Amino acid sequence: MAKKNSNVDQLITTILAGIEDVKGKEITILDLREIENTVCDYFIVCEGTSNTQVNAIVNSIQKKVSKELKDSPWHVEGVENAEWVLIDYVNIVVHVFQKHIRQYYDIESLWGDAKTTVIETSY
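In the numbering used here, the protein residues as written are 836 to 958.
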(Lines of atoms letter the chains of each structure in order from A and count residues from 1; the text may use other names and numbers.)
(Lines give C-alpha, C1' and ligand atoms only; values in the text may rest on other atoms or scores of the structure.)
Protein backbone atom coordinates (compact mmCIF):
# COMPACT_ATOMS: atom_id res chain seq x y z
CA MET A 1 0.00 0.00 0.00
CA ALA A 2 2.86 2.40 0.77
CA LYS A 3 4.22 1.89 -2.75
CA LYS A 4 0.86 2.90 -4.25
CA ASN A 5 0.79 6.10 -2.17
CA SER A 6 4.37 6.96 -3.08
CA ASN A 7 3.53 6.46 -6.78
CA VAL A 8 0.56 8.83 -6.43
CA ASP A 9 2.72 11.35 -4.56
CA GLN A 10 5.39 11.13 -7.27
CA LEU A 11 2.78 11.64 -9.98
CA ILE A 12 1.31 14.68 -8.20
CA THR A 13 4.78 16.17 -7.71
CA THR A 14 5.69 15.59 -11.35
CA ILE A 15 2.41 17.06 -12.62
CA LEU A 16 2.90 20.15 -10.45
CA ALA A 17 6.45 20.56 -11.78
CA GLY A 18 5.13 20.31 -15.34
CA ILE A 19 2.58 23.05 -14.64
CA GLU A 20 5.14 25.28 -12.95
CA ASP A 21 7.70 24.82 -15.77
CA VAL A 22 5.43 26.85 -18.07
CA LYS A 23 4.07 29.17 -15.37
CA GLY A 24 0.56 27.73 -15.01
CA LYS A 25 -1.53 29.87 -12.67
CA GLU A 26 -3.85 29.31 -9.69
CA ILE A 27 -2.87 25.70 -9.02
CA THR A 28 -5.22 23.81 -6.69
CA ILE A 29 -5.31 20.18 -5.58
CA LEU A 30 -8.68 18.72 -4.58
CA ASP A 31 -8.37 15.58 -2.45
CA LEU A 32 -11.50 13.52 -3.22
CA ARG A 33 -10.58 10.39 -1.25
CA GLU A 34 -13.00 11.12 1.63
CA ILE A 35 -15.96 11.63 -0.72
CA GLU A 36 -18.08 8.64 -1.72
CA ASN A 37 -18.51 7.57 -5.35
CA THR A 38 -15.82 9.76 -6.89
CA VAL A 39 -14.20 8.89 -10.20
CA CYS A 40 -10.64 9.44 -8.95
CA ASP A 41 -8.63 10.32 -5.83
CA TYR A 42 -7.44 13.80 -6.83
CA PHE A 43 -8.24 16.67 -9.15
CA ILE A 44 -5.43 19.06 -9.98
CA VAL A 45 -6.80 22.32 -11.37
CA CYS A 46 -4.84 25.16 -12.95
CA GLU A 47 -5.21 27.81 -15.61
CA GLY A 48 -3.38 29.36 -18.50
CA THR A 49 -3.85 32.80 -20.01
CA SER A 50 -4.39 31.68 -23.62
CA ASN A 51 -4.94 28.65 -25.86
CA THR A 52 -1.19 28.59 -26.44
CA GLN A 53 -0.36 28.49 -22.73
CA VAL A 54 -3.05 25.89 -21.99
CA ASN A 55 -1.52 23.65 -24.67
CA ALA A 56 1.98 24.37 -23.34
CA ILE A 57 0.89 23.30 -19.82
CA VAL A 58 -0.68 20.10 -21.15
CA ASN A 59 2.41 19.26 -23.22
CA SER A 60 4.73 20.04 -20.31
CA ILE A 61 2.80 17.76 -17.94
CA GLN A 62 2.72 14.89 -20.43
CA LYS A 63 6.42 15.18 -21.32
CA LYS A 64 7.55 15.42 -17.71
CA VAL A 65 5.40 12.47 -16.54
CA SER A 66 6.50 10.39 -19.53
CA LYS A 67 10.19 11.17 -19.06
CA GLU A 68 10.39 10.90 -15.27
CA LEU A 69 7.79 8.23 -14.46
CA LYS A 70 7.44 6.40 -17.78
CA ASP A 71 3.68 6.90 -17.57
CA SER A 72 1.15 8.28 -20.02
CA PRO A 73 -2.42 9.47 -19.54
CA TRP A 74 -5.28 7.05 -19.93
CA HIS A 75 -7.28 9.74 -21.75
CA VAL A 76 -6.89 13.38 -22.84
CA GLU A 77 -9.67 15.59 -24.16
CA GLY A 78 -10.26 19.23 -25.03
CA VAL A 79 -6.94 19.83 -26.80
CA GLU A 80 -8.66 21.00 -30.00
CA ASN A 81 -10.02 24.27 -28.58
CA ALA A 82 -7.68 24.44 -25.53
CA GLU A 83 -10.19 26.18 -23.26
CA TRP A 84 -10.56 23.23 -20.88
CA VAL A 85 -8.21 20.29 -21.28
CA LEU A 86 -8.67 17.21 -19.14
CA ILE A 87 -5.74 14.81 -18.62
CA ASP A 88 -6.81 11.54 -16.98
CA TYR A 89 -4.12 9.59 -15.15
CA VAL A 90 -6.83 7.31 -13.61
CA ASN A 91 -6.28 8.19 -9.90
CA ILE A 92 -5.45 11.81 -10.73
CA VAL A 93 -7.35 13.97 -13.21
CA VAL A 94 -5.76 17.25 -14.28
CA HIS A 95 -7.98 20.12 -15.45
CA VAL A 96 -6.20 22.89 -17.37
CA PHE A 97 -8.51 25.85 -17.96
CA GLN A 98 -8.50 29.28 -19.46
CA LYS A 99 -9.55 31.70 -16.70
CA HIS A 100 -13.05 32.54 -17.99
CA ILE A 101 -13.93 28.88 -18.53
CA ARG A 102 -12.67 27.96 -15.05
CA GLN A 103 -14.80 30.71 -13.52
CA TYR A 104 -17.86 29.59 -15.51
CA TYR A 105 -17.70 25.90 -14.50
CA ASP A 106 -16.27 26.53 -11.00
CA ILE A 107 -15.49 22.87 -10.36
CA GLU A 108 -13.85 23.72 -7.03
CA SER A 109 -17.29 24.72 -5.73
CA LEU A 110 -18.92 21.62 -7.20
CA TRP A 111 -16.50 19.54 -5.15
CA GLY A 112 -16.82 21.76 -2.06
CA ASP A 113 -16.51 18.75 0.29
CA ALA A 114 -13.02 17.98 -1.00
CA LYS A 115 -9.93 18.91 0.99
CA THR A 116 -8.38 21.77 -0.99
CA THR A 117 -4.69 22.62 -1.20
CA VAL A 118 -3.61 25.80 -2.98
CA ILE A 119 -0.10 25.62 -4.42
CA GLU A 120 1.92 28.79 -3.94
CA THR A 121 4.06 29.76 -6.92
CA SER A 122 6.98 32.17 -7.03
CA TYR A 123 6.12 33.80 -10.36
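Where hints are given, some of them may not hold.
[Stated by the list, open to error] Straight-line alpha carbon distances no greater than 25 Å define the calculated DSS-like cross-link-like pairs of lysine-lysine that follow:
(1) K905 x K950
(2) K858 x K902
(3) K950 x K902
(4) K950 x K934
(5) K899 x K858
(6) K934 x K898
(7) K902 x K934
(8) K905 x K934
(9) K858 x K950
(10) K860 x K898
(11) K860 x K950
(12) K898 x K858
(13) K899 x K860
(14) K858 x K934
[Unchecked claim] Pair ranges (Cβ atoms, derived):
(15) S907 x D844: 32 to 42 Å
(16) S841 x K934: 30 to 40 Å
(17) E871 x Y958: 14 to 24 Å
(18) Y958 x V874: 12 to 22 Å
(19) L945 x H910: 17 to 27 Å
(20) V925 x D948: 14 to 24 Å
(21) A852 x V911: 33 to 43 Å
(22) S957 x N872: 33 to 43 Å
(23) D856 x K934: 18 to 28 Å
(24) E871 x K902: 32 to 42 Å
What the hints contain is simulated information worked out from the structure, not anything from laboratory work.
Bear in mind the structure is a predicted one, so any value in this text is a computation, not a measurement.
Heads up, the beta-carbon is just placed ideally off N, CA and C, and yes, glycines get one too.
Outcome of the hint check:
no.: 1; hint: K905 x K950; verdict: violated (28 Å)
no.: 2; hint: K858 x K902; verdict: holds (19 Å)
no.: 3; hint: K950 x K902; verdict: violated (29 Å)
no.: 4; hint: K950 x K934; verdict: holds (22 Å)
no.: 5; hint: K899 x K858; verdict: holds (14 Å)
no.: 6; hint: K934 x K898; verdict: holds (23 Å)
no.: 7; hint: K902 x K934; verdict: violated (29 Å)
no.: 8; hint: K905 x K934; verdict: violated (30 Å)
no.: 9; hint: K858 x K950; verdict: holds (24 Å)
no.: 10; hint: K860 x K898; verdict: holds (19 Å)
no.: 11; hint: K860 x K950; verdict: holds (19 Å)
no.: 12; hint: K898 x K858; verdict: holds (15 Å)
no.: 13; hint: K899 x K860; verdict: holds (18 Å)
no.: 14; hint: K858 x K934; verdict: holds (14 Å)
no.: 15; hint: S907 x D844: 32 to 42 Å; verdict: violated (19 Å)
no.: 16; hint: S841 x K934: 30 to 40 Å; verdict: holds (34 Å)
no.: 17; hint: E871 x Y958: 14 to 24 Å; verdict: violated (37 Å)
no.: 18; hint: Y958 x V874: 12 to 22 Å; verdict: violated (31 Å)
no.: 19; hint: L945 x H910: 17 to 27 Å; verdict: holds (20 Å)
no.: 20; hint: V925 x D948: 14 to 24 Å; verdict: holds (21 Å)
no.: 21; hint: A852 x V911: 33 to 43 Å; verdict: violated (18 Å)
no.: 22; hint: S957 x N872: 33 to 43 Å; verdict: holds (37 Å)
no.: 23; hint: D856 x K934: 18 to 28 Å; verdict: holds (20 Å)
no.: 24; hint: E871 x K902: 32 to 42 Å; verdict: holds (36 Å)
Violated hints for the displayed structure, listed by number in ascending order: 1, 3, 7, 8, 15, 17, 18 and 21.
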